[in-house]
Every structure is written in C-alpha cells, then in structure tokens.
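Protein chains in written order, with my numbering: chain S, 1086 to 1415; chain W, 1086 to 1415.
Keep in mind that the hints are not guaranteed to be accurate.
When chains are identical, the list treats them as one kind, so a pair holds in a single copy or across two.
Said to hold, decoys possible - Below, a list of computed lysine-lysine pairs in the DSS-like style, where the Cα atoms sit at most 27 Å apart:
| # | residue 1 | residue 2 |
| --- | --- | --- |
| 1 | Lys1355 | Lys1411 |
| 2 | Lys1292 | Lys1355 |
| 3 | Lys1335 | Lys1161 |
| 4 | Lys1258 | Lys1335 |
| 5 | Lys1136 | Lys1335 |
| 6 | Lys1292 | Lys1322 |
| 7 | Lys1335 | Lys1355 |
| 8 | Lys1378 | Lys1253 |
| 9 | Lys1292 | Lys1119 |
In case anyone wonders, no lab produced these hints; they're calculated from the structure. All figures in this text were calculated on a predicted structure; none of them were measured in a lab.
2 protein chains.
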Amino acid sequence: MQRAEFDVTGIGNAIVDVIAHADDAFVTDNGIDKGAMNLIDAERAESLYAKMGPGIEMSGGSAGNTMAGIASLGGKGAYIGKVRDDQLGGVFRHDIRAIGVRFDTAAATDGPPTARCLILVTPDAQRSMNTYLGACVELGPEDVDTDLIEASQVTYLEGYLWDPPRAKEAFVKAAWTAHKVGRKVSLSLSDAFCVDRHRESFQDLVKSHVDILFANESEILSLYEVTTFRQAVELVKGHCEIAVLTRSEKGAVVVAGDQFIEVPAQPIDKLVDTTGAGDLFAAGFLHGYTQGKSHADSARIGAIAAAEIISHIGARPEVTLADLVKARGV
Amino acid sequence: MQRAEFDVTGIGNAIVDVIAHADDAFVTDNGIDKGAMNLIDAERAESLYAKMGPGIEMSGGSAGNTMAGIASLGGKGAYIGKVRDDQLGGVFRHDIRAIGVRFDTAAATDGPPTARCLILVTPDAQRSMNTYLGACVELGPEDVDTDLIEASQVTYLEGYLWDPPRAKEAFVKAAWTAHKVGRKVSLSLSDAFCVDRHRESFQDLVKSHVDILFANESEILSLYEVTTFRQAVELVKGHCEIAVLTRSEKGAVVVAGDQFIEVPAQPIDKLVDTTGAGDLFAAGFLHGYTQGKSHADSARIGAIAAAEIISHIGARPEVTLADLVKARGV
C-alpha cells in the first residue's frame, strides 16, 4: 500500500461555538438536556441566543476539534465539512487552516448560514450544547474528495453526521472509498442522544464499516441497550478492530481483539469546561495510532490531549499538544 | 438637576476582537507597532488574518469594554456605536445587551462590514492591535441620542473616535448636549499614536469639553509633548476637573485641583493579556465616581477591574466585578 500523505481526514459538521457561562436554573428553565447535544432550529437558536449571557466565539465541531488536535500534536490532517460563504464560515475556515489542517470543501453560496452551537457552561464545568445545523445540511457525497480519502491513513467520522439528512451518504461514500484502498475508518459515537436517534443504523455501521470506534460509557451503553460497561465491552469486541471507550475521570479502556488495556485519566489542576474532551481524546489516540505507537501509548496521548482541553474554555487546544506529550515522556 | 437615569453612556468604535497568540517575530515581520493600535484597511485586514494563527472572537471596542465593566460593577449604562447588519454586528449587539447595557444605535444596512480588531498577544502578555474600522466610519452626529445623553450622569468618549471621519462631530454634539444640562463629559486618550495623530485637536478638547480625563503615562506625555510625568501632571491640572493617569504596575494617580492621589496597582497571580486594562480602569473609576465614592476609592475600584481583565484573554470581564469589589472591601 502507498504511504499515506495524510494521517487523518476528518468529516464532520462545521460549526462555530458560541460559549457562555450559565447557571443550572437557566439550563433547566430553557428545557435544555444538560450535558447533551440538543438540536435546535433557526428560531430557537435566535430566541435562546437572545436570552444567553455574553459569549465568546470559537471554531468548533466535533471532528473539526479532533483535526485541530491532530495538527497540534504534529500530525498531518485534512477536513471535510460545510460552511456558508458568510463571516462565521470565514472564521471556521481560517481557524482550521491556520493550525495546518487542509480544508477545501466549497462553501455553500445560498441556503442557511454557517452552523453554530450555543454552548452553556455551568459552574460544574459541564457543557450543554444547542446546535443549529445551518449550512451543514448541505453536505453531501459530492463533497467527499475521494483522492483525499485514499491518501489518508484514517478517515474519521463524527456520529453527529447522522443528523443532517445527506451527510450519511457522504459518510458511507467516504467509508467505501477508504476501505477499497485498504485504509482505516474510524467513528465517534458523539452523544448518547445521537446514538438513541440512530441506534440501528449505528449498529450496522460499527459492524460493517468501522475499524476504530470511539465512545464514552453512556454512548456505548446506549448503542447496545445494555446496563453494564462489561456487557458493552463483550458486544463491541467482535464488531470492530479497536474500540476506545472513555470514562471521564475513570480513564479509558482500549478493547482490541483479546486485549483489554486500561489507561488512567491525566490529572488536572482545575476542571473548567468539558467541551471537546472526547474530540481531543480521539485526536490523541489517532495521532499515536497513525505514528505506529502501541494502543496503550496512543490512549495515554489521548488522555493528555483531553486533559489540556478541559482545563480551559473552548474545544480547541490553547498550547502546542506535541510539546505537552513530549514533556510527559510518552 | 434631574436624577440621571443612566450612570454612564459610552460612545465608541463598535468592534469585534479576533484574538490570537503570536511570537515577537510575527509582530516585527509584519511591520506591526508592538503594544499599539495600528489602523489597517480591508485588504491588510484580510492578508494579516490569513497569516495569523487560530483566533477567538469576542466583542471589544474600548468604550464597549468600559460599558461592559460598568454593567458588571452593577452600574447602569448605555452605548452608542456603529455596527453593520451582519453576523459580527449581531455578536456585538448581543454581547453588550446581554450584560445589561442599553444599545439601540441603528446598524448600517450597506457599506463596509462590522469593524474587527486583529489582536496579537505575545508571550510577554502585551497586545498589539490591528483595527479595521469597517462600519465605524458610518457613525455620525445623527446617531447621538440626545435624550440618552441628557439622561446620563457621565458621557464617556474614547479617543479612538477621532480616527473615523464623522465620529468627531458625534463626539462634539454629545459633549455639548451633556454640558447644556449640567452632565459630565469624560474622555480616554486611548493610545499614544492616536494622540500623535490628533494632538492639537485633543488639547483643545481637554481644555474646552472634558471634565474627567483618562490617560496612561505615554498618552499624557504625548499629549503635552513633555518628557516627565511631573511636567504632564502640572499641565493637565489646569485643563480638566479630574485627570486619572494610569501607570501599569506602578498604579495610578488622580489629579483633581490641588489633590494628587496615588493608588497602587492591584496585585495579580499571572499577567495573561493586557487588552482592556485601560478600558476597565476607566469603568471602575467612573463607577465609583457615579456612585459618589471618593476619588481614591474610585481609583481602587479601577485597579480591581483592570487586574481582573489582564488575568485572562479578552477585554470583557469573566466574573461579576461587583462581587470582586465587595470581596476587596472597597
């Protein structure tokens, strides 16, 4: 097989985050599922924004965050996602390119504006997301650059792609393209409610298309509708080559064939904002994987990247992750 | 005189900040005056943005930051400034209203987009600003709501308003309106280069229109073209009722008639980003002043607000300043 030009190409919903502090009462009073990704329409986005406190804007999107992490770790990445040709779309494009990720998907020239996610961070550092998909609904198979997928060691897909209607086709096209030339396909389950919305479809996917699966505990329990972590581990084992299961402060588990590798969480000084924890864990693991590291070391890099991201507001790294990993001696 | 409905109304350039980390070489190589506010045109804004690292977007603008500070301190404020009816204009309007500041200036419906300031923060926590004025050039006397000015104890103007062509007329109209009904007029000199561009005009202003002047050391030296702080103090004494002169870590001096009051800087754990230090000092002082506090206590509140803002990225408060002031027992 030809040497891959890119380590990872991510496909996802291209979103700008609008992050504000809020108290628990605000979250409850506005009917927001705390800790989850809530899908909202344009009208709700407007009314919720009007009620929120002052915000900061940062590029986000689950796979976008992961790709920023890959780049910060020193990896070579590319991204496929849909923005509009508006100011927020310009912000998204600038930020992902500025960190060194290739991003050439054409912007939509009409239709809804660039997607935004209204993120409310409560005093417990938990984030509740309210996503208006906007231009993301325009992403379709025509946006999948097959040359890019063929040139990437891993194609990484976020489960959130199941929400906009045509992205699923893009997803499947990308997976087929990758496998046809012997590349790997990776999926993050993204969110327990997202799994709930698309359970059967995700189960099929994991069995037939996914080599490397990322999920947190509630997502994997939801996927298999089981109540214990052990049951979920037994089920996932036969379905994909590697399953990386994250458990917040309890660390992470890598299940690969008969291997069951436990890695502790990286200690942090202060938990500030959990947004992007899963995205950055995936970045760290995939960076290790594409550099030929062991599963255990790859998971350790994931834990380091996740620890950095939850120590500050926002889901893109504030420091060069490669330096952090070097300092930790992994 | 009627009791004022508003403590302070600020008039300024309505700007969204785009903040990125940069090293000193980037600042030098791109011909940016370090620590200063550099005015740039649309073309330069685009080329500089393309070269910058990933950013975060936050509402800014000198007087906008000051008004956010007034609101965070528990004061009642309003703002006059010009955005366009675009996404960044929507962000600016949301953020200033969300903190409780009245902001009703009509958005421009054509012409240049909402202003942005590309802020590069170097490892020494110094900020170098690159401002594209955009829609701010549309601000004119027709935007000055005279009822609002008459209802405000203090009208606060940023010196940066001297840069867009018609804002000067707005400025003078506001000052006349305020004085006609016995209200106070306050000015911040904003930036030493800005003073340099408009020195004579500023000298006239300070003598004829300004009751409360804010300046840092380099700005007041530039205003009077003198070399020592003492010379500047002697000159400013006769020109306005109160001069608040800030000197970074050396604290601040309030000159009012024969009074010469020195207040130390508020100690901080870590200097992160100096953006907004002067804006928030002004907010603190004006809050104290409009609440009838002594000049010394007002300056102490200024020092507390400035210390908060330089402890994190961005020029809008991250915590409720009223709580901080209470905790410090001022």
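Results for each hint:
1. Taking CA atoms no more than 27 Å apart as the test, Lys1355 paired with Lys1411 passes in both settings, with 22 Å inside one copy and 25 Å between copies.
2. Taking identical chains as interchangeable, the C-alpha atoms of Lys1292 and Lys1355 are never at most 27 Å apart, the minima being 38 Å within one chain and 51 Å between chains.
3. In this assembly of identical chains, the alpha carbons of Lys1335 and Lys1161 never lie at most 27 Å apart, being 30 Å within a copy and 47 Å across copies at closest.
4. With identical chains, the CA atoms of Lys1258 and Lys1335 are never at most 27 Å apart, being 36 Å at best within one copy and 63 Å at best between copies.
5. Taking the closest pair of Cα atoms, Lys1136 and Lys1335 never come within 27 Å of each other, the shortest separation being 35 Å inside a single copy and 40 Å across copies.
6. Taking the closest pair of Cα atoms, Lys1292 and Lys1322 come within 27 Å of each other only inside a single copy of the chain (10 Å); across copies the shortest separation is 80 Å, beyond that limit.
7. Proximity of Lys1335 to Lys1355 under the C-alpha cut-off of 27 Å is restricted to the intra-copy arrangement: shortest distance 16 Å within a copy versus 31 Å between copies.
8. For the homomeric pair Lys1378 and Lys1253, neither the shortest alpha-carbon distance inside one copy (31 Å) nor that between copies (63 Å) is at most 27 Å.
9. With identical chains, the CA atoms of Lys1292 and Lys1119 are never at most 27 Å apart, being 30 Å at best within one copy and 56 Å at best between copies.
Hint compliance for this structure: hints 2, 3, 4, 5, 8, 9 are not met, and every other hint is.
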